[in-house]
Amino acid sequence: MKNKNSVIAYWTLLSVVALVGLAAIALRVFQGMSVTNLTSLIPWGLWVAFYIYFIGLSAGSFLISTMIYVFDIKRFEPIGRIALFSAFVALSAGLVFILLDLGHMERFWTVFINRSSTSVLEWEIHFYNLYLAILLSELWLLMRRDLIRRSAQPGLVGLVCRLLTFGSKDLSDESAANDMRMVKILGMLGVPVAIGVHGGTGAIFAVVKARPYWYTGLFPLIFIVSALASGGALLTFLYAYFGHKDEQHTSLVVALGKMVGGFLALDLVFMGSELLVGFYGGIPDHVAVYRAMMFGPFWYVFWVGQLLVGALIPLTLIFNKYTGKISGWVGAASALIVLGIVGVRLNIVIPPFTVPLMPGVDTAYPLARFAAFEFKDWYLAAFTVAIVVFLLAAGLLIRHLSQLPTRPVERWLARAAGLVVMLGFLMMGLRFLGVGTPVTASIMGVPAKLPLFFGGVLRANDPSFYSPSALEWLSSMGVIALAVMGFSLGWLLLPLQEEHPSEPSTTPPSPFHFKSSYKSGYKSGNGEMGTQANGESL
Amino acid sequence: MTKKRYGMAIDLRRCVGCEACTVACKQENHTPPGVAYAKVIKEEVGEFPHVRRHFLPVLCNHCENPPCVPVCPVGATWKREEDGIVVIDYDICIGCRYCMTACPYGARYFDFGDNYNQPQNEFEGRSSPEYGEDRPRQAGSSPIGNVRKCTFCLHRVARGEQPACVLTCMPRARIFGDLNDPESEIARLVAERRGFRLKEELGTEPNVFYLE
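Going down the list, the protein sequences come from chains A and B.
Under the working numbering, the final residue of the first sequence carries the number 602; numbering is consecutive throughout.
Under the working numbering, the final residue of the second sequence carries the number 203; numbering is consecutive throughout.
Calculated from the structure, these hints are not laboratory results.
A portion of the hints provided could be inaccurate.
[To be verified] Simulated crosslink set (PhoX-like; lysine-lysine; CA at most 20 Å straight-line): (1) B/Lys33 to B/Lys17; (2) B/Lys(-5) to B/Lys70; (3) A/Lys273 to B/Lys70; (4) A/Lys138 to A/Lys309; (5) A/Lys273 to B/Lys33; (6) A/Lys138 to A/Lys273.
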């Protein structure tokens, strides 16, 4: 295999993060919500932010797939199945996050028997189910013929595809036409459902009249637009780097990038409108939330994460006449958007809680608390083992990653990045074990900023301060790693991209062709095709 | 006239900010750290030498239109028909904390399972008398992992007693009773003295009145 090193590094990293995450999730399950840094003043935190983030990714991807199958924008066809599959994986991840956040996880199924028609959350649960059904049937119909073709292959791919055909053997063209008709009907049903899924998730927040920051009619719409931006960006990123590199690749990436940029710009306009109205109105509770978001201890989530990384840099990259024509750059810009929307989601959930509902109600009784674990002996042993395994794996990872790039500068950069990631995880692990906090503080030199990443210990007396505990972070990373692993597996096993039966080779491209994608991107960007593509996309 | 509407009037001229209500409530309901159904907001107004301290005892307002009730996805919290007390069923609540975000008064608390003592002492382990149920406080079982709130000491009221905070209040600043009964002390006080309620602009119609 050509990129053996990167494949090993990829799966090592993911499985180690997933393992650590699963251990953290186990602690959460056995010891309850006390392992979080949440308080009664700040009842929702990182997990809820990730929940709406992944639901948004899902709904956004799905809505983009409906552009193809309902509104007949045929040129986006190559990303159709990827969109539906990533929608499925993201929805699953979102639901795992909200499950983690329940005080009584074992009762999650009671939402189906204890109905409450007045609750937006209850309606959302039904929307999610309907949406899941539509999503999966659509995906299956689209893949059916390719699944049948692939089931002839030997090994795991053939086995999985054989199982997934559910006994269907019809390869005729009429059956395909039939499939497409069904897909169109399902897609039409899916549009309002997907809008309900994420607009409704926005409505969960928007109906809360106690929090003026959420209580606006624009809020559910912002959710939908930013969902389209993040979902579209995810697809652009995936297709730019891992899609079939055929003649339409670059032009499609550029077109997708422009569309995502448009949604992102609309999202910014909406946000600006909210800010303008909020500040002009000057209602203290409302303005205080903006102040907390923009100038509070987490100012950088807004300015750096949400605005710089999540909007300005990607918009510049996409709408610039040099980088905007190169699939590699547009893909990178999209990856930045996918990251930046995390900041948007964090800033939706957390800042309103940091402002007291009534002056003095936050300090009337000591409500501050922070994560507490009960360290039984076997936990300690398990985590020591985990840290050793992690260090070994990280060593392996750095070795493999640093061999990947050809130029020495890139190799050193890769090594340095690996080291930074490893040190970060190590410090998180130490903090998690309650070891070495003063050491890390002195290394960082800025004690006030330390708890922002490592658990909120130094500000534990401030009741309106919340920073996710190490365990919240680790379990979140674990869920994300599992989702990425699931997606990669699906990518390797399922026919997520249209297969042309005439082509001799049906093996899917490995999702690790970093180099080749860059090359093709540069080539087409410099050549005539890039310019042509640019003209077409508008 | 059968239905009751329990409410409370708090005379702010009488309150001295001693927090006896906070303590009595914690003792009565065996609440863990970070949970205090009754508390007193203290505010300092003015600059030396013209300083005053204002006290505002707060608790669940048992609103006529409680915003926390309709948001619950499993219907685990509701306003009782017979007396208007907003209650939570610990066996149904899944702990999603949506109601906590919806309450404009911050009157709901989440039981994270923390204890004052490690391991918990006998008093902490004993079951809280809330709702007249027997629930020893053990890890993993309700009310740990549930949202908790003031019940107007439902279990005491059922026995014909006053809520713990009312009984303990030294200057008799708290008056508890049935607002639907025009003969009751609370109904008379609310009618006679100009009372105000918290955040009336939200239309929640609280049943806790503050007398100035």
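Item to check | Numbered hints the structure breaks, given as an ascending list | outcome: 5, 6
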